[in-house]
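Work out the full structure, taking the sequences as your base and the hints as a guide.
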Amino acid sequence: MITVEDLAKHFKDPKRGVVRAVDGVSFSTSPGEIFGLLGANGDGKTTLLRMLSTVIAPTSGRAEIHGHDVANEPDAVRKSIGFMSTTTALYSRLTPREMLKYMGKLYGITSSQLGARVEETIAMLEMEEFADRLCDKLSTGQKQRTSLARTILHDPPVLFFDEPTAGLDVLASKTIMEFIESCRDRNKTVVFSTHIMSEAERVCDRICVIHDGKIRAIGTLQELK
1 MITVEDLAKH FKDPKRGVVR AVDGVSFSTS PGEIFGLLGA NGDGKTTLLR
51 MLSTVIAPTS GRAEIHGHDV ANEPDAVRKS IGFMSTTTAL YSRLTPREML
101 KYMGKLYGIT SSQLGARVEE TIAMLEMEEF ADRLCDKLST GQKQRTSLAR
151 TILHDPPVLF FDEPTAGLDV LASKTIMEFI ESCRDRNKTV VFSTHIMSEA
201 ERVCDRICVI HDGKIRAIGT LQELK
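Following the numbering used here, the residues of the sequence shown are numbered contiguously, the last one being 225.
Honestly, the hints are just simulated from the structure, not real lab data.
Hints may contain errors.
[Stated by the list, open to error] List time: in silico DSS-like cross-link candidates among lysine-lysine, alpha-carbon distance up to 30 Å:
#1 Lys105 / Lys143
#2 Lys174 / Lys225
#3 Lys12 / Lys214
#4 Lys79 / Lys105
#5 Lys143 / Lys101
#6 Lys79 / Lys101
#7 Lys15 / Lys214
#8 Lys79 / Lys174
#9 Lys225 / Lys214
#10 Lys137 / Lys101
#11 Lys143 / Lys174
#12 Lys105 / Lys137
#13 Lys101 / Lys174
#14 Lys137 / Lys174
#15 Lys79 / Lys214
#16 Lys79 / Lys143
[Unchecked claim] Computed spacing ranges between beta-carbons, pair by pair:
#17 Glu129 / Arg62: 44 to 54 Å
#18 Glu5 / Glu129: 38 to 48 Å
#19 His195 / Pro31: 25 to 35 Å
#20 Glu5 / Ser92: 13 to 23 Å
All C-beta atoms in this analysis are idealised placements derived from N, C-alpha and C, irrespective of residue type, glycine included.
Next comes the structure, spelled out in structure tokens:
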């Protein structure tokens, strides 16, 4: 589902010179696999996910998502992925239901399918209680569930989670972690970025340890231990 070959992103900094945020990363994932990116803040996890999601262009190397080249087929890649982080924005003046309908149109879901898909997603994440409340009136956990809903609305085969539990309370974190675990049963490919070792240990089939933009090790929990 994901193939990454020698992917790199370098930035020029007036004081530090060339910063190698991601430096020659290679890995591959399979359908139904939860693949962890484990590393401290600033080690390149978010930059890597931004390249894979076509937000920024790589300096060198290549990546393929669901059979589509990230550099040459960005539109097809975007249709194949869902991306969620703690900074996934919500429109405060819309309700979750209204926002999902809006996002569904951006995703290209046809009008005949959109209503049913919105209701299915709301039911899946048990959002009925607050689906028609303005987003700026929601609790932190409800906002996070709404962010998750917009991420999965178009039923993508590949999901990126960039430290999605950062700053959340226990109950909100529990919802996110349980959903990530459920993706395995639905044959989704998940890339889960975290700096919390216990989270990686709980959900990941394989873990990639990344430090200073380089992969230091890849393996199952037992292999890494």
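Hints violated by the structure (listed by number, smallest first): 20
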